Every structure is written in structure tokens, then in C-alpha cells.
Amino acid sequence: GAVVSQHPSWVICKSGTSVKIECRSLDFQATTMFWYRQFPKQSLMLMATSNEGSKATYEQGVEKDKFLINHASLTLSTLTVTSAHPEDSSFYICSARYRTGPQETQYFGPGTRLLVL
Amino acid sequence: KNQVEQSPQSLIILEGKNCTLQCNYTVSPFSNLRWYKQDTGRGPVSLTIMTFSENTKSNGRYTATLDADTKQSSLHITASQLSDSASYICVVSDLYNTDKLIFGTGTRLQVFP
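If you read the sequences in order, they're chains A and B. The numbering used here puts the first residue of the first sequence at 1, with every later residue one more than the last. The numbering used here puts the first residue of the second sequence at 1001, with every later residue one more than the last.
Keep in mind that the hints are not guaranteed to be accurate.
As the list claims (entries may be wrong) - Negatives, chain B to chain A, calculated, CB over 12 Å:
1. Pro1008
2. Glu1015
3. Ser1028
4. Thr1056
5. Ser1058
6. Arg1061
7. Thr1065
8. Asp1069
9. Ser1074
10. Leu1082
11. Ser1083
Said to hold, decoys possible - Per the computed footprint, the stretches of chain A lying under chain B, defined by three or more beta-carbons under 8 Å from a beta-carbon of chain B, are:
12. 44-53
13. 99-111
Derived by calculation from the structure, the hints in this document are not laboratory data. Remember, it's a predicted structure, so these values are computed and weren't measured experimentally. Even for Gly, the Cβ is constructed at its ideal location relative to N, Cα and C.
Build the full structure now, drawing on both the sequences and the hints.
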């Protein structure tokens, strides 16, 4: 199956710093990637849809200036958490849309755990 | 409001036993229904994906069923193994917005020896 990687797998940072998370589709091209966050024992919540070569589409309540998304190539999307605060501590998961003929699905990355001190 | 509800919320079984997880949804019309397995601290991994015209789909010891009339799906795990301990998430996509996945809250399965 299609493989999506994320880097780093975990990160600890001080409050006020910025953190960049990378999402890569390793063996396919993805014009569309998605960023989710997940709090303990809760479902994944879609934050934004990342489109290659254009601006990301953010879900309601997600701050664009806080969570910067860049989808510069067909295999890479980045999420930058700017001026991180403890409440931004969460599990961030990306996914990439994968099409085979008429069927499409999303393959998820392994996630990045962010802890802001 | 489109919803996906799963039951039970958590389940404990002994190794080697079978179990069935349930998913009810109100998304209509829907494009497809997927079951994912999520290990703690990991991203979801796809187990099965079914369109509205499919009734069953198997992937090894995992068998998913779908009844589009009653809007119910189930995931049956046969001969459970310790490595099956994880959260199992039912996900439905809207026909008119296939990118927007509607996640169930998951069933936390624990398999004990």
C-alpha cells in the first residue's frame, strides 16, 4: 500500500518557539494532503486541507496564522506551529489522498507528538 | 448533522476469541465506509474500504460488512491476537465531499493472553 511518513515523530519545545512538521508521500504523488490533530481518547479532527501549489483550506476555528501550511511539491506538505503554547500540545497526523482509478482513499502518516513546555 | 457512532466504546477479550465491532452512521448519501486500526501513538492504518454497493470486504482476519439500507457496518475480528489491541475507527465519507472524512469515536479493543 501507499506509504506516508512524518518527521519528526515527536518533538518537545519551549513555549513561544515555532515547530515544523513534515509530511511526505513516499511512493506516490499527492496533490492533496490533510492535517489532523488528535487529543487523548478523541477522534481525529481535521485542521486543514493542503493543496499542492495553492493555499491551504482551513477548518472553522483553526487559526491560519498559527498553523502555517505549505505544500510545495507533490510529495511534501509541512505544518508549522508558530509561537507554540502548551495548549498546542497534541498528536498531529497528516494524510495524503491516493487515487487508483475511480477509487480514492487517504493514507495516514504515523503522527507527530508535540509537547510544548 | 452527519454522525458516525461506534459501539462498544471499549472491549476486552481473550486471545484467540472472535469479536465484532459495530458502526452506525447517518451520513447520506455516502461515498464509502472505511475501517481503520490505530495503535496507541500511531497513525490510523486502513483495514477495509467499502462503497455503498459492497456488502462485505475481508482483509486477513478482519471482515467488514455493510448494510446501506440500515446504515450499519460491522468489523469482525477472527482468532484475535495480542497485536490486535488497538483502537478501531469507522470512517465515512460524504458523497458530495469525499475529502471530508467523518470519524467515529472508535472502539478500544484490548486482547489479553
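Hints, verified against the model:
Every C-beta of chain A lies more than 12 Å from that of proline 1008 of chain B, the closest at about 14 Å, which supports listing it as non-interface. At roughly 24 Å, the least C-beta separation between glutamate 1015 of chain B and chain A is larger than 12 Å, which holds for a residue marked as non-interface. For serine 1028 of chain B, the condition that its CB be more than 12 Å from all CB atoms of chain A holds, with the nearest at approximately 20 Å. For threonine 1056 of chain B, the condition that its CB be more than 12 Å from all CB atoms of chain A holds, with the nearest at approximately 17 Å.
With a minimum CB-CB distance of about 16 Å to chain A, serine 1058 of chain B clears the 12 Å threshold, and the non-interface call stands. No Cβ of chain A approaches the Cβ of arginine 1061 of chain B within 12 Å, the least distance being about 17 Å, so the stated non-interface status holds. Separation of threonine 1065 of chain B from chain A is adequate, the least Cβ-Cβ distance of about 19 Å exceeding the 12 Å criterion. Under the 12 Å C-beta cut-off, the non-interface status given to aspartate 1069 of chain B relative to chain A holds; the minimum distance is some 22 Å.
Every beta carbon of chain A lies more than 12 Å from that of serine 1074 of chain B, the smallest distance being close to 19 Å; the non-interface claim holds. Listed as outside the interface, leucine 1082 of chain B is consistent with that label: its C-beta sits roughly 21 Å from the nearest C-beta of chain A, beyond the 12 Å cut-off. Distance check on serine 1083 of chain B: its Cβ is at least 16 Å (rounded) from any Cβ of chain A, clearing the 12 Å threshold; non-interface status holds. Restraint check on the stretch 44-53 of chain A versus chain B: 3 residues with Cβ-Cβ distances below 8 Å, three needed, restraint holds.
Remark: the stretch 99-111 of chain A is confirmed as covered by chain B, as 9 of its residues place a Cβ nearer than 8 Å to a Cβ of that chain, reaching the required three.
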